[in-house]
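My request is simple: use the sequences and hints to build the entire structure.
Protein chains in written order, with my numbering: chain A, 1 to 410; chain B, 1 to 302.
Hints in this document: simulated from the structure, not taken from any laboratory. Do not rely on the hints blindly, as some may be mistaken.
What the hints assert, rightly or not - Restricting the straight-line Cα-Cα distance to at most 30 angstroms, the calculated cross-link-like pairs of lysine-lysine (DSSO-like) are: (1) K68(B) to K207(A); (2) K146(B) to K179(A); (3) K36(B) to K308(A); (4) K32(A) to K308(A); (5) K260(B) to K410(A); (6) K103(A) to K32(A); (7) K68(B) to K392(A); (8) K392(A) to K66(B); (9) K51(B) to K308(A); (10) K51(B) to K312(A); (11) K51(B) to K75(A); (12) K260(B) to K75(A); (13) K75(A) to K66(B); (14) K36(B) to K75(A); (15) K136(A) to K410(A); (16) K75(A) to K68(B); (17) K260(B) to K103(A); (18) K392(A) to K260(B); (19) K103(A) to K66(B); (20) K146(B) to K237(A); (21) K410(A) to K68(B); (22) K260(B) to K308(A); (23) K136(A) to K260(B); (24) K136(A) to K51(B); (25) K68(B) to K103(A); (26) K291(A) to K362(A); (27) K103(A) to K51(B); (28) K103(A) to K36(B).
All values reported here derive from a predicted model rather than from experimental measurement.
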Amino acid sequence: MTLKKLLVGLFSLLLVAGLAGCKADPKPVSGKVLFWHTYSEGEEALFLAEVVPLFNEAYPEIEIESVRMPYDGLKQQVITAYTGNVAPDVMRMDIVWVPEFAKQGILEEVSAFDEFSDLKDNFFAGSLSTNFYNGKYYGLPLNTNTKVAVYSKAVLAELGMTEAPATWDEMIALARTLKASDDRWGLTPQGFGPWGFLPYFWTLGGKVTDDEYSVATGYLNSADSIAAVQQLYDYYKEGLIGPAMFGEQPDAWGGMAGGNYLWIDDGPWYFSIIGQTAIDSTIVSTIPEGKGGSVSVVGGEDLVMFNKSENKDASWTFMQFMMSDEVQKIMAKTGMIPVTQSAADSLTDVPAYVATYIEQLKTAQPRTPSASWGSIEQVLSLAIESVFRDEKTVTEALNDAATEIDALLK
Amino acid sequence: MKKSLKYKYRNELEVLPFLLPGFILLLIFIFYPIAKNFYMSLSDYNIFLDKMNTFTGIDNYIRVFKDKMFWDAFINTAAYAVVTILPQMAIGLILAIIINTKIKGSFLFRILFYIPVITSWLIVSLIFRYLFESGDAGLINYLLLKANLIETSISWFSNRWTANAVIWILAVWKGIGWNMVVFLAGLQGIDRSYYEAADIDGANIIQKVRFITIPLLKPVTFFIMTNLLVGSFNVFTQVYVMTNGAPMGRTQVLLSYMYKVAFTDFQIGYSSALSVVVGVFIFILAMGQQKFLNMGYKEGQL
Numbered sequence: 001m002t003l004k005k006l007l008v009g010l011f012s013l014l015l016v017a018g019l020a021g022c023k024a025d026p027k028p029v030s031g032k033v034l035f036w037h038t039y040s041e042g043e044e045a046l047f048l049a050e051v052v053p054l055f056n057e058a059y060p061e062i063e064i065e066s067v068r069m070p071y072d073g074l075k076q077q078v079i080t081a082y083t084g085n086v087a088p089d090v091m092r093m094d095i096v097w098v099p100e101f102a103k104q105g106i107l108e109e110v111s112a113f114d115e116f117s118d119l120k121d122n123f124f125a126g127s128l129s130t131n132f133y134n135g136k137y138y139g140l141p142l143n144t145n146t147k148v149a150v151y152s153k154a155v156l157a158e159l160g161m162t163e164a165p166a167t168w169d170e171m172i173a174l175a176r177t178l179k180a181s182d183d184r185w186g187l188t189p190q191g192f193g194p195w196g197f198l199p200y201f202w203t204l205g206g207k208v209t210d211d212e213y214s215v216a217t218g219y220l221n222s223a224d225s226i227a228a229v230q231q232l233y234d235y236y237k238e239g240l241i242g243p244a245m246f247g248e249q250p251d252a253w254g255g256m257a258g259g260n261y262l263w264i265d266d267g268p269w270y271f272s273i274i275g276q277t278a279i280d281s282t283i284v285s286t287i288p289e290g291k292g293g294s295v296s297v298v299g300g301e302d303l304v305m306f307n308k309s310e311n312k313d314a315s316w317t318f319m320q321f322m323m324s325d326e327v328q329k330i331m332a333k334t335g336m337i338p339v340t341q342s343a344a345d346s347l348t349d350v351p352a353y354v355a356t357y358i359e360q361l362k363t364a365q366p367r368t369p370s371a372s373w374g375s376i377e378q379v380l381s382l383a384i385e386s387v388f389r390d391e392k393t394v395t396e397a398l399n400d401a402a403t404e405i406d407a408l409l410k
Numbered sequence: 001m002k003k004s005l006k007y008k009y010r011n012e013l014e015v016l017p018f019l020l021p022g023f024i025l026l027l028i029f030i031f032y033p034i035a036k037n038f039y040m041s042l043s044d045y046n047i048f049l050d051k052m053n054t055f056t057g058i059d060n061y062i063r064v065f066k067d068k069m070f071w072d073a074f075i076n077t078a079a080y081a082v083v084t085i086l087p088q089m090a091i092g093l094i095l096a097i098i099i100n101t102k103i104k105g106s107f108l109f110r111i112l113f114y115i116p117v118i119t120s121w122l123i124v125s126l127i128f129r130y131l132f133e134s135g136d137a138g139l140i141n142y143l144l145l146k147a148n149l150i151e152t153s154i155s156w157f158s159n160r161w162t163a164n165a166v167i168w169i170l171a172v173w174k175g176i177g178w179n180m181v182v183f184l185a186g187l188q189g190i191d192r193s194y195y196e197a198a199d200i201d202g203a204n205i206i207q208k209v210r211f212i213t214i215p216l217l218k219p220v221t222f223f224i225m226t227n228l229l230v231g232s233f234n235v236f237t238q239v240y241v242m243t244n245g246a247p248m249g250r251t252q253v254l255l256s257y258m259y260k261v262a263f264t265d266f267q268i269g270y271s272s273a274l275s276v277v278v279g280v281f282i283f284i285l286a287m288g289q290q291k292f293l294n295m296g297y298k299e300g301q302l
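So, in structure tokens, the structure goes:
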């Protein structure tokens, strides 16, 4: 046993010496980095046209192979690729996935890299925290976003408005007027899932957990939270909520194009995907202010490295490069909000709507950061859906959900 | 001694080289996965690192029986079997009998009814999803409204049983052709002389079907039943594509639920336990059915 330890010790000493030797020699990092992302068409075009050439210029020895992945079935693709040893080196993934994959033990801990401590302080704290799991960091934030209120210019004009209503009550008054005509709806949460529902829930004064994300009972089933869901349910019964919430037609974007919806809440991709038509036909504003303020949900993506990567140095170089002000500002042109203080401060030459998103981010809240988020999400969706489908009362649904989420947060 | 032993098993030794490839394939692709699956079901397995996190014994199995979602999926699957099998067989049989009477263009009908069978599940599922779209814009809703059969459009995929109904309609539509072709093969195996004898006795068409065709088709009927019943427990694609369990997991079937548990929730151990339970159930069902209907099978030529 002791002999074995001794040998291991000796061997590691040799290894360290060897590594030190490598460091002394300033050989440029080389290799090929396979990068999976889910950029939209417009975003990918910009990434390929501007970011990749810049990187190649700075690091000619490193080759970037970027692959655009579909959102559908992406998790399953990661499983197949990782277990089959063809996982990408670096992947841009949804912020809510990072703790979950970190828990599975397949991500490289980035806080172990020397340069991490220098990068760390420049990130917005909220964005960085999405990479945190069990005392360590498993990724770098790449871009952040949120959803704001996107109003149909035509429908507003019909209601005699030239700008967005500022408060929740004003907005509801417009919705009630709109209801008089067929197939028109005043507000349209996109689904029962947290991403669709939480902005409405928070804006009306609801809360999911305490500020430390440790317990849901007393928050999710508090009087304020119950009142918030009840209020939305009452709007639904009154006929103010559009069918897109139930996944029915017209869907959110179709309803906006068809003049069925007064407003939807959506991310900057609404504009980068649809293009100029979307910009011309809408008025963007922060979510109309309700009892809980104007609260939206934080989204975004992080960059992670898989621990099976054979090009860790090259991958890490690429990841750091993506954090530079220059790259952050290039990608901001598509409405992707930078995650570093320095880039956000010096942002110029971006579409006008981006300012609204940055404004909304000041009060936006993250979804509960947890390795069990996938399960929490299902519990929350089910609770809200069972209210809207008249299977449970609001109090029942939220009490049950709070108990289940408490167990998941432990 | 050695020589006599070799002599004794000479026949076995001779066929061994022919059996071996099949046996090895069976071992690798059937027995090993089953054993591994069972092993995984005893833990909260980590699929990425291919290792057990903690050994949990039969906990996963206890959870299966307490899981309300599992029972929902089970009931949906059973309902799918009960509702879809008989209509498919009945319509398939009727079509087979009609086509077998040498009407003009029977070859064309044979092809037409078989086209749904060879069309991809994925594609027809997508088409059905659009056909049964909610609101007045969905084609089925539009037609039903025009025909004054309904007053307000139906949100097909928003309710458990209307969503299941769409799944069933698709299954029947797609299954008829296969039933027809197999029944047709069975019909062609029936000796003409039975019908000629019946004609002489003055039997009408209904009597001929009732007393000649159906009894003589027993083996074929059994074959179809077994296939459809086992097939019902394999229903996946149309559910995954059309509803993916919505609303609230109420249209989940066994396979789609298993898939969700494994690949969305990463609960590989639990999903393995689910698959063991379902596998055992299908095994019992198939054995029971064979016992129940075996008179048909034993007489049969198939």
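Status of each hint after checking the structure:
1. K68(B) to K207(A): holds (28 angstroms)
2. K146(B) to K179(A): Holds, because 25 angstroms separates the two Cα atoms, which is no more than 30 angstroms.
3. K36(B) to K308(A): holds (24 angstroms)
4. K32(A) to K308(A): holds (14 angstroms)
5. K260(B) to K410(A): holds (23 angstroms)
6. K103(A) to K32(A): Given that 30 angstroms is the threshold and the Cα spacing comes to 27 angstroms, the pair holds.
7. K68(B) to K392(A): holds (16 angstroms)
8. K392(A) to K66(B): With Cα atoms ~21 angstroms apart, K392(A) and K66(B) stay inside 30 angstroms; holds.
9. K51(B) to K308(A): Holds. K51(B) to K308(A) sits at ~16 angstroms (cutoff 30 angstroms).
10. K51(B) to K312(A): Satisfied, since the Cα-Cα distance of roughly 24 angstroms is no more than 30 angstroms.
11. K51(B) to K75(A): holds (19 angstroms)
12. K260(B) to K75(A): holds (11 angstroms)
13. K75(A) to K66(B): holds (27 angstroms)
14. K36(B) to K75(A): holds (23 angstroms)
15. K136(A) to K410(A): holds (18 angstroms)
16. K75(A) to K68(B): holds (25 angstroms)
17. K260(B) to K103(A): Given pair K260(B), K103(A) holds - Cα atoms ~19 angstroms apart, limit 30 angstroms.
18. K392(A) to K260(B): holds (25 angstroms)
19. K103(A) to K66(B): Holds, at roughly 26 angstroms.
20. K146(B) to K237(A): holds (28 angstroms)
21. K410(A) to K68(B): This hinted pair holds, its Cα atoms lying about 23 angstroms apart.
22. K260(B) to K308(A): It holds: about 26 angstroms lies between the C-alpha atoms, which stays within 30 angstroms.
23. K136(A) to K260(B): holds (29 angstroms)
24. K136(A) to K51(B): Roughly 23 angstroms between the alpha carbons, so the hint for K136(A) and K51(B) holds.
25. K68(B) to K103(A): With a Cα-Cα distance of about 27 angstroms, the restraint between K68(B) and K103(A) holds, given a limit of 30 angstroms.
26. K291(A) to K362(A): With Cα atoms ~17 angstroms apart, K291(A) and K362(A) stay inside 30 angstroms; holds.
27. K103(A) to K51(B): Holds, at about 14 angstroms.
28. K103(A) to K36(B): Holds, at roughly 23 angstroms.
Checked against the numbered hints given earlier, the structure satisfies every one of them.
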